[in-house]
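Chemist: Starting from the given sequences, assemble the full structure and let the hints guide the process.
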Amino acid sequence: MNKKKIIETYQEVAMATGLPYDEANDLFHGVRDGFDFIAYPYDESRPFAIVLHTAAKSADGSVLDKKVIKAFEKSSKSIGCLGQKNMDIRVTVQATAKNLKDAMNECLTATTAFLRANSYSPCCDLCGQQVETVALKMSGEYYHMCPDCEMKMRSDTAMKAQQTAQKKENIIGGIVGALLGSLLGALSVLILSQLGYVAALSGVIMAVCVLKGYEMLGGKLTNKAVAISVIIMILMTYFADRVDWAFILLRDGGGAEAGYNIFECYRLIPEALYREVIDRGSYIANLLILYLFVALGAVPTIRGKLKEKKEEGIITKLN
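To get this note's numbering, take the position in the sequence shown, counting from 1, and add 1.
Relax, there's no trap hidden among the hints.
Keeping only pairs whose Cα atoms sit at most 25 Å apart, straight-line, the calculated DSS-like set for lysine-lysine is: (1) K138 x K221; (2) K213 x K168; (3) K86 x K71; (4) K153 x K311; (5) K306 x K213; (6) K213 x K311.
The hints are simulated quantities; they were obtained by calculation from the structure and are not laboratory data.
Modeler: Encoded structure:
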């Protein structure tokens with residue numbers, strides 16, 4: 002479904018639920034049965050998987066029991082799951098484009114009734130005060146905050162942004178960190194391949210480990226850092242594929258019988274290709290497929306990380 006149709010569906014949902022749709026921020030925000038809700042798509046690829054987000058606190062400060070949560074989740078087909086972290090309450094809506102407004106209405110009604118039945122009241126996400134709150138978006142996360150917590154968050158965020166701006170990028174340290182992270186990524190590629198799988202999961206692991214390694218030892222994650230990290234991912238994927246073939250030579254190509262170890266089998270891969278012990282077509286095809294799946298995992302991860310960095314420190318008050 003194209004974006005225009007999605008927005009039209011969202012506008013119908015807004016009219017049906019009473020939660021106005023904010024097209025600029027791609028979310029719904031409003032009050033339902035006394036609770037302040039922010040509702041937003043889980044991600045861009047699933048525009049009708051909506052998350053209902055509110056802040057609430059029980060009268061005695063306790064958290065919801067797992068059995069109680071399970072019973073709530075099973076009470077309606079429109080309810081996916083309920084998650085609680087301190088005062089942060091999130092409920093996922095299971096819906097399609099056709100039934101989204103009905104599913105949203107059902108989930109909102111069920112959620113507020115459930116919270117009231119368990120003696121929960123609206124509150125601030127951070128301090129838990131049961132006072133009037135404002136809805137905020139910061140660094141891609143959503144909050145319901147009292148004025149005092151909002152002021153403190155803005156102050157802390159400004160200070161952190163200033164410290165980050167003053168921090169210098171250590172490229173050498175970043176490269177070392179990325180290389181160390183890439184070893185974990187290469188290991189995931191190798192293990193999955195040995196198990197007979199070529200999965201995008203290995204690309205996600207590779208990207209996360211390399212980017213995190215660069216950021217930890219490099220101090221910053223800049224566009225230059227991403228470019229360096231991508232080069233390292235390409236090289237380490239090639240290395241992991243070679244090691245995979247070395248194990249195949251050792252196990253199935255007569256390497257073990259000839260008394261070779263894994264390191265010698267790795268060194269003998271070019272000769273094995275030349276002598277057609279390893280089929281060149283299969284070797285190239287396998288490498289290309291591996292690169293494809295690593296890209297399928299790594300590209301969205303890198304895009305998400307860059308978006309996260311771009312939004313870092315930006316606080317938006319929702320209408």
